[in-house]
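Kindly produce the complete structure, drawing on both the sequences and the hints.
Here this note's numbering is used: the first residue of the sequence shown is 1, the next is one more, and so on.
Because the hints were derived from the structure by calculation, they are not lab data. Wrong hints could be hidden among the right ones.
Stated by the list, open to error - Quick list of simulated restraints, FRET-style, between CB atoms: (1) Gln144 with Arg68: 29 to 37 Å; (2) Thr119 with Tyr38: 33 to 41 Å; (3) Arg157 with Gly118: 28 to 36 Å; (4) Thr51 with Thr119: 38 to 46 Å; (5) Leu39 with Pro101: 17 to 25 Å; (6) Ser52 with Thr119: 37 to 45 Å.
Said to hold, decoys possible - Result set (EDC-like, lysine to aspartate or glutamate): computed pairs, CA atoms no more than 16 Å apart in a straight line: (7) Lys34 with Glu63; (8) Lys31 with Glu67; (9) Lys42 with Asp88; (10) Lys42 with Glu67; (11) Lys42 with Asp106; (12) Lys34 with Glu65; (13) Lys31 with Glu63; (14) Lys28 with Asp59; (15) Lys31 with Asp88.
Every residue gets a Cβ at the ideal spot worked out from N, C-alpha and C, and that includes glycine.
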Amino acid sequence: MLPAVLAACEAQPAQPARHGDAAIAQGKPMKASKTYLYLLRKTPFFTSLNTSQLRWTIDHSREWEVERGTVITQCAGASAADAWVLLDGGWQLEHEGRAYPAGHADPGKWFSARQASGTCRLVATGHGYVMQIARAEFDAMLAQGFAFDKHLDAGCRYYAEIFGNAPAGAQGPLAAP
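Structure, rendered in structure tokens:
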């Protein structure tokens with residue numbers, strides 16, 4: 001049910017996923033990093049998951065270390081379909097000349113360019129860590145019942161305000177039209 005529900009929040013079709021394209025193009029490459037179970041367990045986006053789900057997440061995602069100014073993804077980039085989760089530090093979504101900063105406990109703590117319309121980019125505001133989850137893996141997490149509902153709801157509302165793309169006829173930010 002959740003994959004269909006999340007689809008109502010999405011504004012763009014899926015694109016093939018690749019890692020780090022935007023950051024490399026900007027000259028500030030992301031550095032691969034190791035994800036530790038005990039730290040992931042304390043990250044707000046993942047606190048509702050059990051140990052088995054956390055291990056599955058680690059096995060099916062990629063963690064990156066970023067520095068201030070690193071472009072994590074762009075709305076039109078090859079990694080646009082991926083889900084990105086802020087693990088530590090901060091980032092900002094840049095859209096139409098405005099910046100929307102978020103920390104790891106804010107509604108904007110996750111991002112997928114599928115929530116966006118127009119041009120945008122996600123940029124690290126300081127040293128931090130981000131997790132990249134390929135779209136197919138994220139959909140599998142949702143199909144397995146990973147408890148992301150409250151985070152996805154809050155994020156979809158947040159991004160709908162920024163991009164003005166709330167789904168028509170929806171009864172909530174993730175309701176199927």
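Do the hints match the structure? See the list:
| no. | hint | result |
| --- | --- | --- |
| 1 | Gln144 with Arg68: 29 to 37 Å | 35 Å, holds |
| 2 | Thr119 with Tyr38: 33 to 41 Å | 38 Å, holds |
| 3 | Arg157 with Gly118: 28 to 36 Å | 19 Å, violated |
| 4 | Thr51 with Thr119: 38 to 46 Å | 40 Å, holds |
| 5 | Leu39 with Pro101: 17 to 25 Å | 22 Å, holds |
| 6 | Ser52 with Thr119: 37 to 45 Å | 39 Å, holds |
| 7 | Lys34 with Glu63 | 6 Å, holds |
| 8 | Lys31 with Glu67 | 9 Å, holds |
| 9 | Lys42 with Asp88 | 10 Å, holds |
| 10 | Lys42 with Glu67 | 22 Å, violated |
| 11 | Lys42 with Asp106 | 15 Å, holds |
| 12 | Lys34 with Glu65 | 9 Å, holds |
| 13 | Lys31 with Glu63 | 9 Å, holds |
| 14 | Lys28 with Asp59 | 26 Å, violated |
| 15 | Lys31 with Asp88 | 14 Å, holds |
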